[in-house]
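So the chains spell out like this:
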Amino acid sequence: MNKKITFLLTITLLFFSISNAVSQDFSISGKVTDENGEGLIGVNVVVKSTGKGTITDIDGNYSLTVPEENNVLEFSFVGYKGQEFTITSSNSSLNITLEEDITSLEEVVVTGLASSIKRSNLANAVSTVSAKDLTGTTSPSTLDGALQGKLTGANIIANSGAPGGGISMKLRGITTITGSSEPLYIVDGVYMDNSAISAGTNPVTQASRGSNITTNQDNPSNRIADLNPDEIENIEILKGASAAAIYGSRANAGVVIITTKKGKNGKTKINFNQDIGYTSILNPLGSREFTVDKVRNLFDLTTEKGIEAANAEVALFQKAQQEGRLIDWEQEMYGNIGLITKSNLSLSGGTEKTKFFISGTLNDEEGIIKNTGYSRKSLRTNIDHKLSNLINFSVNSNYIHSSADRGLTNNDNAGVSYGVALTSTKPWADLFPDEDGNYPNNPYAGSNPIQTRDLSTINETTNRILTGSTVNFHFINTDDTFLKMVLRGGVDYYNNESNVYFPEDLQFMGVMNGFYSRGNNRVINTNASAFLVFNKSINKVDFTSQLGTSRLDFNQDRLTTQATQLIGGQKNLEQASAVSVFNKSLKTIDIGYSFQQEANFADKLILTAGIRLDKSSLNGDPNKLYAFPKISAATNLHNFDFWSVDPISQLKVRLAYGEAGGVPSPHPVNLQQPSFTIFNGTGISGQAGSIIGLVRGNKDIQPERSKEIEAGLDIGFFDNKINLEATYYNKTVEDLILRANVPYSSGFTSRTVNGGALNNKGIEIALSTTPVDISNLKWESRTSFWKNRSKMTRLDVPSFTTGGFSSALGIFRIEEGKSVTQIVGYVGDEEVVIGNAEPDFQMSSFNTLTFFKNIEFTMLWHWKQGGDNINLTKLLSDFGGTTFDYDEDDDNNGIINGDQRKIAYSEGNSADEFIEDATYLKLREIALFYNIPKKVIGSTLSNYISYLKVGVSANNALMFTKYSSYDPEVSNFGNNGISTGVEVTPFPSSRKFFFHLSVGL
Amino acid sequence: MKLINKIGTQLLLIMVILSGCQIEDQIDPNSPDLTAIENANSAQLNNLVIGSLSQMRMELETYMDGVNVIGREIIRHSGSDPRYISDLIMGNLDNNAFYTTRPYAARYRTVKNLNLLIEAVNNSTKVSEESKPDYLAFAKTIMAHELLMVLNQQQSNGIRLDVNNPDNVGPVVGKEEALNAIANMLNEGYEYMKEDVLDDKGNILDLQISLSDGFSGILFKEFNRALAARVAIYRKEYNQALNYLNDSFFTLETSQGGLADGAYFVFSSGSGDITNPLYLEQNNTGEWRLANPDWVTEADPNDLRLDKVSERKEAFFHKESKLSSSYDIWLYQDQLAPIPIIKNEELILIYAEAKIHLEEYTDAINALNIVRTNAGLEAYNGEETNETLIDEMLTQRRYSLFMEGHRWLDMMRYNKLSELGDNVHTAFPTPLVEIGI
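Residue numbers (our numbering), protein chains in the order written: chain Y, 3 to 1003; chain B, 18 to 454.
Hints were generated in silico from the structure; no laboratory data involved. Where is the CB? At the ideal position from N, CA and C, for every residue including glycine. All clues given are correct.
Just so you have them, the derived chain Y footprint on chain B, three or more residues with Cβ under 8 Å:
(1) 48-59
(2) 302-308
(3) 326-334
Using the sequences and the hints, build the whole thing.
Following this line, the structure appears as structure tokens:
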């Protein structure tokens, strides 16, 4: 191999000497450093007139021969602002400092399956979140939390405050009604499963009633939460079909492309980060303060029995009052101060041939409810190796162990979840254990939540391996032509175990006599693909062609076994007399072909066209190919010769159209595929039976298809010190897959059909500026604004309700011509629109202030305006007589709030009172970091330490909202397509404070 | 370059292999689908029988709570759902709430399963022609029961009878027509098993299908006739009712068979099975299922049937509705307790009712006294007029069939709903999804 390299070098040198021979050349050398004075390795130094050049070495040094006088030397490096210098032969040495480029126009964006494009040539607004944006401010424990407020065009809602994450992310509005609107996640080329797997508490909570073991209401986290945000280099988000078309029939809701960190050529760097922090409830509501009168008023005082009962209750109240035993149950349940620790050690470095990045992280987090918490251990090894000039490859492997104790929150119909039990539990209730550890029964609810919290186990543990490899074959690699083949394979394997135990002495275990459940869910996703990429320059036009094929195999096997009637104190499925089983598996195969052609006219005009052909076993006809075309154009007006408006340094006009699909997705909980009409298993008297399934299958089911047109304008002013990116999109989703209600008399409750279309229109504006840039102060700011409007444009099935409990409790109605996210309910006898979950708009502002180069202050504000929630926590609290604002009288009509809302609900069947505006303004992240200068560290230590950084930060530091529950960001039904924003006693959100220490060796 | 060519060719081959895959036709990996019964064997038919019997019990608690609350027999309250009181007692009924839709959908799901059973039986070449009538007898009888349950809630709103084609369900027919059709369906089922089949020893053989334990002790055709008698009473066909009783397990000789003889929904904690959904512990909180205090206070204090309730340690109060009760329902004392589908005690009272209407008062009083004696009460000594005997019969039904879903229906049949309370709902609304079809 060495011989080959030598040979190549000789050729290169020969090449240079030829050019030398024909011109008056002179040499120049120097050092390129970053703002901290560190040498930058790999900076391109190019002579503009010839395009020939070199790159800097390990210390940032370069030397180059320049052919003639008055030549322009270009310095460019990804992530830094490029610079140009006109040089004469008098310049024998030139040292320059490159500034980091927050606008990242030169950054390369991986948009295609095997190709990338410079951001400045992109025809779509692709959001990128860098490592610095992601984890540079504070320490989000899961990826989902790390993205909040950082993505223009995304509506991200944390499903609850439970440790271990769980979000619903919608890019550019709703894209599906029945499936999950979650985007596709691809990590270093590996398709990463993002299922939310129920822990199986439904038999106890009866959240979705019936005899189901699993439910989407038991607050599972999505499995994308397993990925350690610290290992991520950057995240690119293809928000709509126009950008994501080439990803085909699973890209309807967008694609999130995650690239993890890689080693760089040079000295081995060792980084150690230690975070320590604590978490506490973000927004305690307070409790209703009782008086004797209020206690009496809980009863019907018009009857003798009522008065008798009221007197008895008053006696209990007064006794507790005298003994100082009135408990603030909110404080007791949600008042835990949880400790958070995170340690991360990473090694990275490499040689010309081999580069590596190794990272290990230990994460431990307690929740604001006792006995809840999250822990994760993550180990990653990324290796890049250049075998020869022909072949290079990379291998990325990640092992993750995560464990979450998420408590028993959210909806239930048995009065057993903590929150539901507390809605009716009075402050004078006696719930604490005696000296022998015996808990009294709670007379005010179906359970003693303190007992449930202290004695139950609700744990999910995941062991996961994510590994992928890419091999590149560079068949041809000349100045104006290259041909490469890219082979890529990946595996995502995990085993998710749930472990749920309710011992027999719990108040609500009288009938079940103990409940023990073990889930064992196995997921194996593999993906394999091969691409040919051919590039040729003809007359300054750069043509890139890409041809590829890929195959995805997604396999799931879910098994949950539950035992009741346990032998006392035993956590074993055998120690029980009643056992039931949930066992579902899913195997899907997707095969796709893609072709894309790109033509780049000297960075002035960039045209791209492509097509993806996909088939999937989830479609009614598994071998039918569905085509998803795309076409786009971007023109950089400032690159044309006629451009002479100096203050405007960049002006790009872009237009893109594309189509993408959404395969008919299996039911997220029971994995039933839309094409089958099945019989469910059941039994009586020890005999097994078959009962027709509730959902009528459809053999003709096709993928959903979104068609998106996106137009935008990118303007840079004053050397791109001010950048404005404005985008308008119009996205139509056709062939919507609907679980249409059918007349129940048919024996089915719904049928999966392609039966409608919806439309999302929206704008996204992002403004990056550097308002202040003086010697010791730099202020960088990025402000985004985005809004989306969705509408059902066609509905072939009768209008139906979905995603809530019932019309009386507020529910989403899918109706032609109306907003997709409208909430309906009764006012009088009429069912009318009483709300809409879609925000009016969202804004976020990310600001970094750097003082004296070493002190950095960062703030991320996020404002969501409008969008309604269905607050059923309040409804239950009102009926339980415990709402914090029960005794206030907001409208001064003489009837206190609690009574007024109850009367309105009871008399009118109306949830109107419980639909609330979920506007908020949050200071999502705030941090102050101090990069301790070497002179402060001292010369002895400086020899060993390359940097030392300390800081403090907070996550969810402030929240301003009129919403009358814990957090307007909430979702009882997890990441279900439509029904985010419904709340029933969720796990309250928390605020987190951190102290950070970061050392580099 | 040779090497490159070689590698290149191999790589191209990989691409071809990757792309050349044909995806096989898919079958559900978890469950049998409709194709499984295209030509069913007896095991598959039996699966549908057992599935239907199991399904009959689903949402039974929702049905019972609905009709028993509206019938003011019980008070039901849930800490997590105010609608049992706010809607069923105080407000309007919601055509899309669980109490309306869930029992409705569950009964029609059984009906669908039975229609599939009938279709599978008719299409099967794997089961003998002699065994087919047994399946059809079963299917018709159970289907009639399920439709009657729907009609009991829908009342004057009517129900759909012809529901076999999911793309085009039949029309809604009125209450009278529906009752006639249900009666005919029972007769049709009975025809398949009318002739006694005897075994070697001369005993009458029951259906040659394995049913649930809830049908042990009676012949299935006797069950069919018992249901027919119930329907006949609803249709005011009193002579018919008496005829049907004769072919049922009805007996006035309570020494021979207890009042409790009959057909039952049975439960177990086995895999795939369910436990008694109406069972709640005594003194339960969070979920309450209580006797309306009137039921206790208006009873004869000596009535042994008062053991169907148990006094709570702490009384239940609901302020908005002014409802209160100190009595837990204690009809089912463990979670495996069976729930009657129809029992001899009801048949005796059907007999009494028919006899009252036929003005054969001695027979009627005789029957009523059997029930009274059994409840520890003295023989009837009231007036022998139609009106008083009807009242007495309704009272005995109130206590003998407590919480079995009869009170509301009985009072409606005799136009006495106003005696139950104010604003007693007269029917459950047609479910939202059924409107406009």
